[in-house]
Amino acid sequence: MPTSQVVVDEHAHQNPALLHHFVTESQQKNAASLGMWLFLAQEVMFFGGLFCAYLVYRYKYFADFGSASQQLDIRLGAINTVVLICSSLTVVLGVRAAQLGKRMALVFWLVATIFLGLVFLGIKADEYAEKFEKHHVPGAHFNYHELLPGQEKFPEAERQYANPHHAEMYFSLYFAMTGMHALHMIIGVGLFGFLAYMAWRGKYTPEYYTPIENSGLYWHFVDIIWIYLFPLLYLIDRHR
Amino acid sequence: MSDHNSASEHDSEHISPLGSSVAIWLALLLCTGITVGAAFIDLGPFNTIVALTIATIKATLVVLFFMHVKYTHEKLTGLVIVSAGFFLFILLALSMADYTTRLWR
Chain A
0 MPTSQVVVDE HAHQNPALLH HFVTESQQKN AASLGMWLFL AQEVMFFGGL
50 FCAYLVYRYK YFADFGSASQ QLDIRLGAIN TVVLICSSLT VVLGVRAAQL
100 GKRMALVFWL VATIFLGLVF LGIKADEYAE KFEKHHVPGA HFNYHELLPG
150 QEKFPEAERQ YANPHHAEMY FSLYFAMTGM HALHMIIGVG LFGFLAYMAW
200 RGKYTPEYYT PIENSGLYWH FVDIIWIYLF PLLYLIDRHR
Chain B
0 MSDHNSASEH DSEHISPLGS SVAIWLALLL CTGITVGAAF IDLGPFNTIV
50 ALTIATIKAT LVVLFFMHVK YTHEKLTGLV IVSAGFFLFI LLALSMADYT
100 TRLWR
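Same order as they appear, the protein sequences are chains A and B.
In this text, residue positions in the first sequence follow numbering that gives the first Met the number 0: the first is 0, and each later residue adds one.
In this text, residue positions in the second sequence follow numbering that gives the first Met the number 0: the first is 0, and each later residue adds one.
Source of the hints: derived by calculation from the structure; they are not laboratory data.
Computed from a predicted structure; not experimentally measured.
Backbone N, C-alpha and C define an ideal beta-carbon position, used for all residues, glycine too.
One or more of the hints may lead you astray.
Claimed, not checked - Across the chosen pairs, the derived CB separations fall in these ranges:
| # | chain 1 | residue 1 | chain 2 | residue 2 | range |
| --- | --- | --- | --- | --- | --- |
| 1 | B | L78 | A | L182 | 24 to 30 Å |
| 2 | B | D97 | A | L117 | 38 to 44 Å |
| 3 | B | F86 | A | N142 | 35 to 41 Å |
| 4 | A | E151 | B | V21 | 28 to 34 Å |
| 5 | B | T59 | A | E206 | 28 to 34 Å |
Please work from the sequences and hints to get the whole structure.
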C-alpha cells in the first residue's frame with residue numbers, strides 16, 4: 000500500500016542519527032563511507048612515502064639490510080601478525096553484531112579487539128626494549144657489529160661484516176615504519192575504547208552503526224600495513 | 000547470497016555470513032604460515048617476489064571480504080581504492096626508475 004509506505008518513510012526521517020542535509024539514511028551512510036575511504040587513500044600515500052624510502056635504501060644497501068633484519072625476532076613478528084589477523088576477525092564479528100543489533104556481543108567483540116591491540120603493542124614494546132639493550136637504536140649510542148647474511152660458513156678471517164652506517168639506516172626505517180604503525184594502533188585502541196563505551200550505552204542500532212563500520216575500516220587498514228611490514232622488515236634474507 | 004545483494008532498500012548493507020569470515024581468517028593465517036616458511040627456502044631473487052605476492056593476496060582478502068568491498072554497490076569506493084593503488088604505483092615505480100638507473104654512482 001503506497002500510503003503506508005509514505006508513513007514508514009516519514010518515521011525513518013525522524014531517526015535522530017539522520018542529519019538534516021541528507022535525504023535518506025543510506026545516502027548519509029554512503030557519504031560517510033566515501034569519506035572514510037578517501038581518508039584511507041590519503042593514509043596509503045602517507046605510508047607510501049615510508050615504503051618508498053625503504054625500497055630505495057634496501058636497493059642501495061642490500062646485504063646490510065639483510066644483516067640488520069636478522070637482528071629481529073621472527074617469532075615475535077609472526078605472533079604479532081597472527082594477533083593482528085585475529086583482531087581483524089573480531090572487528091568483522093563486531094560489525095556483524097552491530098548489524099544484527101546484538102548490543103552485548105558488539106561490546107564483547109570491541110573489547111576483544113582492544114585486548115588484541117594491546118597484546119600487539121606489548122610485544123612491540125618488548126621488541127623495542129631489546130633494541131635499546133643491544134644499542135640498535137639509531138643515534139649517539141648506536142653500535143653495530145654483525146656479519147653480513149651467509150658469512151658464518153666462511154673461515155673467521157674472511158668473514159665480512161655489515162657497514163654499521165647502512166645498518167643504522169635500516170633501524171631508522173624500522174623504527175619510523177613500525178613506530179608510525181604502532182601510533183596508528185594506539186589511536187585505534189583509543190577509538191575502540193570510545194566505541195565500546197558508546198555501544199554499551201546502546202548508541203548503535205542496526206539502522207545506525209556507521210562509526211563501528213568506519214572504525215573497522217581503519218583497523219583493517221592498519222592490519223594491511225602490518226601485512227606488508229612483516230615480510231619487508233622481518234623476512235628478508237632469512238634463507239642465506 | 001545473491002538475492003540478499005539484489006536491489007533491496009538496504010543495498011549498502013551486507014551482513015557477512017559467519018562461515019565466510021572465519022574461512023577468510025583461516026586463509027590469512029595459512030598465508031602467514033606459508034610466507035614464514037618460504038622465507039627460509041632459498042629461491043634466489045624470488046624470495047622477495049613470493050613474500051610480496053603473498054602479502055598482496057592477504058591484503059586483497061582483507062579489502063574484499065573484511066572491508067566488505069566485494070559486497071558494496073558503491074562504485075566510488077572502487078574508484079578511490081584503484082586511484083590509491085595507482086598513485087602508490089607511480090610513487091614507487093618512478094622513484095625506483097630513477098634510483099636503479101643512476102649508473103654514474
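Structure-based check of each hint:
Distance hint check: the CB atoms of L78 (chain B) and L182 (chain A) are about 29 Å apart, consistent with the given range 24 to 30 Å. Take D97 (chain B) and L117 (chain A): their Cβ atoms lie about 41 Å apart, and the range 38 to 44 Å holds. Evaluation of the 35 to 41 Å hint for F86 (chain B) and N142 (chain A) yields a pass: the beta carbon distance comes to about 39 Å. Range check, E151 (chain A) to V21 (chain B): about 43 Å between beta-carbon atoms, so the 28 to 34 Å window is missed.
A beta carbon spacing of about 31 Å between T59 (chain B) and E206 (chain A) agrees with the range 28 to 34 Å that was offered as a hint.
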